[in-house]
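Asker: This is what each chain is made of:
Protein chains: 2
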Amino acid sequence: MTVSRRAVLGMVGAGAAVVGAGAAATVATRSPAVASDTYPFYGPHQSGILTPAQDRLHFAAFDVTTTDRAALVALLQRWTAAAEQMTRGVAVGAAAVPYDSPPEDTGEALDLPPAGLTITFGFGASLFDRRFGLQRQRPAALVDLPHFPGDDLDPNRSNGDLCVQACSNDPQVAVHAIRNLSRLAFGAASVRWSQLGYGRTSATSTAQLTPRNLFGFKDGTANVKAEDPTSNAAVWVQPQDGPDWMVDGSYLVARRIRMTIETWDRASLREQEAVIGRTKQHGAPLSGGGEFDAPDFDLPGRDGQPVIPFNSHVAMSHPDRNNGAVMLRRGYNFVDGNDPLGRLDAGLFFLAYQRDPRTSFIPVQAQLARGDALSEYIEHVGSALFAIPAGFAPGEYVGQRLLQA
Amino acid sequence: MTVSRRAVLGMVGAGAAVVGAGAAATVATRSPAVASDTYPFYGPHQSGILTPAQDRLHFAAFDVTTTDRAALVALLQRWTAAAEQMTRGVAVGAAAVPYDSPPEDTGEALDLPPAGLTITFGFGASLFDRRFGLQRQRPAALVDLPHFPGDDLDPNRSNGDLCVQACSNDPQVAVHAIRNLSRLAFGAASVRWSQLGYGRTSATSTAQLTPRNLFGFKDGTANVKAEDPTSNAAVWVQPQDGPDWMVDGSYLVARRIRMTIETWDRASLREQEAVIGRTKQHGAPLSGGGEFDAPDFDLPGRDGQPVIPFNSHVAMSHPDRNNGAVMLRRGYNFVDGNDPLGRLDAGLFFLAYQRDPRTSFIPVQAQLARGDALSEYIEHVGSALFAIPAGFAPGEYVGQRLLQA
Numbered sequence: 004m005t006v007s008r009r010a011v012l013g014m015v016g017a018g019a020a021v022v023g024a025g026a027a028a029t030v031a032t033r034s035p036a037v038a039s040d041t042y043p044f045y046g047p048h049q050s051g052i053l054t055p056a057q058d059r060l061h062f063a064a065f066d067v068t069t070t071d072r073a074a075l076v077a078l079l080q081r082w083t084a085a086a087e088q089m090t091r092g093v094a095v096g097a098a099a100v101p102y103d104s105p106p107e108d109t110g111e112a113l114d115l116p117p118a119g120l121t122i123t124f125g126f127g128a129s130l131f132d133r134r135f136g137l138q139r140q141r142p143a144a145l146v147d148l149p150h151f152p153g154d155d156l157d158p159n160r161s162n163g164d165l166c167v168q169a170c171s172n173d174p175q176v177a178v179h180a181i182r183n184l185s186r187l188a189f190g191a192a193s194v195r196w197s198q199l200g201y202g203r204t205s206a207t208s209t210a211q212l213t214p215r216n217l218f219g220f221k222d223g224t225a226n227v228k229a230e231d232p233t234s235n236a237a238v239w240v241q242p243q244d245g246p247d248w249m250v251d252g253s254y255l256v257a258r259r260i261r262m263t264i265e266t267w268d269r270a271s272l273r274e275q276e277a278v279i280g281r282t283k284q285h286g287a288p289l290s291g292g293g294e295f296d297a298p299d300f301d302l303p304g305r306d307g308q309p310v311i312p313f314n315s316h317v318a319m320s321h322p323d324r325n326n327g328a329v330m331l332r333r334g335y336n337f338v339d340g341n342d343p344l345g346r347l348d349a350g351l352f353f354l355a356y357q358r359d360p361r362t363s364f365i366p367v368q369a370q371l372a373r374g375d376a377l378s379e380y381i382e383h384v385g386s387a388l389f390a391i392p393a394g395f396a397p398g399e400y401v402g403q404r405l406l407q408a
Numbered sequence: 004m005t006v007s008r009r010a011v012l013g014m015v016g017a018g019a020a021v022v023g024a025g026a027a028a029t030v031a032t033r034s035p036a037v038a039s040d041t042y043p044f045y046g047p048h049q050s051g052i053l054t055p056a057q058d059r060l061h062f063a064a065f066d067v068t069t070t071d072r073a074a075l076v077a078l079l080q081r082w083t084a085a086a087e088q089m090t091r092g093v094a095v096g097a098a099a100v101p102y103d104s105p106p107e108d109t110g111e112a113l114d115l116p117p118a119g120l121t122i123t124f125g126f127g128a129s130l131f132d133r134r135f136g137l138q139r140q141r142p143a144a145l146v147d148l149p150h151f152p153g154d155d156l157d158p159n160r161s162n163g164d165l166c167v168q169a170c171s172n173d174p175q176v177a178v179h180a181i182r183n184l185s186r187l188a189f190g191a192a193s194v195r196w197s198q199l200g201y202g203r204t205s206a207t208s209t210a211q212l213t214p215r216n217l218f219g220f221k222d223g224t225a226n227v228k229a230e231d232p233t234s235n236a237a238v239w240v241q242p243q244d245g246p247d248w249m250v251d252g253s254y255l256v257a258r259r260i261r262m263t264i265e266t267w268d269r270a271s272l273r274e275q276e277a278v279i280g281r282t283k284q285h286g287a288p289l290s291g292g293g294e295f296d297a298p299d300f301d302l303p304g305r306d307g308q309p310v311i312p313f314n315s316h317v318a319m320s321h322p323d324r325n326n327g328a329v330m331l332r333r334g335y336n337f338v339d340g341n342d343p344l345g346r347l348d349a350g351l352f353f354l355a356y357q358r359d360p361r362t363s364f365i366p367v368q369a370q371l372a373r374g375d376a377l378s379e380y381i382e383h384v385g386s387a388l389f390a391i392p393a394g395f396a397p398g399e400y401v402g403q404r405l406l407q408a
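So the protein lines, in turn, are chains A and B. Just so you know, we're using the numbering used here here: the first sequence kicks off at 4 and counts up by one. Just so you know, we're using the numbering used here here: the second sequence kicks off at 4 and counts up by one.
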């Protein structure tokens, strides 16, 4: 018996074509990706980074449980093959398996189009230990993140040898991807922590509207966009950066940021806007203009102080105050039920790609943790940094340049 | 400053109109509801029951923390007013609030259309105690659910005085609804437990395709559909059932069913299909035909035994084996990260509406818990039963007929 997403899709082909045409009209409010979209799996860079941010996320960090380098290579080969199939909207594995064997694909995405699925792989610092002889290949930029003031990190929500970011416009497609990759890892790696994000918080393309975070504010207005002429240099490791296997890769910072939204909700609109430095309704800088107008940090208000407070989030995080440091933000809102006090366990799963965290995330976060007015309403509870290797060509597997280096 | 979803929507009106027209084309694969859809808030029945199942869910159960009946009434009045606004896509509260007060609406759905939002309220058995003098109004059908074999219920995921089911085709809209209702409950009720569902598992309209659950099978093929001539009598409390305040209401069973998907994934396709009684790819009964053909439970296979095993899920749950008992299923897939062993904390958040649980859910579940082959792969970890009062007219608040009875 054949279990093939392509076969199933063929049967509803007429309907699927209609979807593709009609769904394009949703660009204005949500994401430029439509249900039938596919993004390239092969190329100089991995997809899921400069790709227009899809609406849904399933992210997982893994501990490698084998100490056999060949088994690690085999896992990465299995993952590469399966991810290539899933991003095409095809079921994982062989087209036909014996009826008395478990299906190779778990099946819950059988009828679903690719829905813009991208799967992005990364390596944590802990992978570069003696187990696999990779110590000398550890990039200098793959540091251990420092402790920032206010951090309250849960080790069970932090770090990991490997990571997989699955983004899609259909949550079932993203969940299916992580589930099948977890299954293929059996005996070689197991999930250390995972996070679902139900809605993107960043636009990564000028074609996307700026979404709102759980504080009710537009978030990431000034984010690096794929169309920006500077985006390549901000995101991708350059030849002079090294090591060779990381060229055309990137570094991903993942932070689980709990928002104390009940406290925030009791703050006045004046306080909320002063903390952010933008208006709530339109996302315009408090210095005036529209959402995309540059903030004027010197414009004085009636009291002679800047109308955009010095310690506001927009001021503290602005590149002008951070030696020009920029990151490609790609975070997601999350709600994981509630805590024992009945407060929503909710916030921002911050994801940011950058050429070198030592000159972008780390100094920016050090400044925010010290002085950002927003710090009063948030808490960082999970943290990880991953090296995201370059893309690859057909026949290559993810990380091959590292493991053959 | 005015914070009005309608005002904001007005500004993107041209784009939104395009969405409405275009998104209709997605009916074929997902839900008949489009982003700009609204469902009526007033009427003889609450919405969110026979309404075509939306794609996303946020559900919350509350403990009432006040013992003042007037404060309970005031809460239900606030909830009714806010729910009416949100289902229209309008921000909660007054159109304008002082700049030095907290915004009445939390804002994260400001730019979003109603996205088919429905908000459905219910009352748990514990509400009918001495605190509010409601003991004599407790419906006979609002029983304490019995213990079923295999139940492993977490009290922190079970029961509650009140419940709110928010369904929408945009998860941020559903989350926004529960968050704002939780906020309006401050001082009168607090969240006891909550559950996000990322994808519907049931069709409740013949216009919807049957979705797949996390076992990879189409689920709820034989579900009661709104268009079925029997649906009214299966779902709504009739005048002869009583009490008066429940007529045109319903009863909601909520069960958090953890699926041990790692075990399931190791079962052969033959075993999986025998457990369910249907084919995995097409959802057809093992006795032949297509998805919507009636199963033939007597058709013998080569070994002389029925091709649809007696203990298969489709056989054990079929109305013919349950004195004709039917329910309107409206459940959702959930994934809440992973457990400490790296297994996905995932499964089905089972929601089922019915006229009387004593003749539908309870006997059906008693039979399934004893004999369903699927029981080996699932575990019920949360449970609740709520009385869902009838709909209401403008000027009325939810539960008014109960509290004035």
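Hints in this document: simulated from the structure, not taken from any laboratory. Virtual Cβ for every residue (Gly too), placed ideally from N, Cα, C. Be a bit skeptical, because a hint or two may be false.
[As the list claims (entries may be wrong)] Some chain A residues flagged as far from chain B (calculated, every beta-carbon gap over 12 Å): (1) 102; (2) 108; (3) 174; (4) 176; (5) 189; (6) 197; (7) 198; (8) 219; (9) 242; (10) 267; (11) 323; (12) 339; (13) 373.
[To be verified] Simulated restraints, written as ranges between beta carbons of each label pair: (14) A:313 to B:68: 35 to 43 Å; (15) A:299 to B:98: 26 to 34 Å; (16) A:84 to B:244: 36 to 44 Å.
Asker: Where does the structure disagree with the numbered hints, that is, which hint numbers, in rising order?
Answerer: Per hint list: 1, 2, 3, 4, 5, 6, 7, 8, 10, 12, 16 violated.
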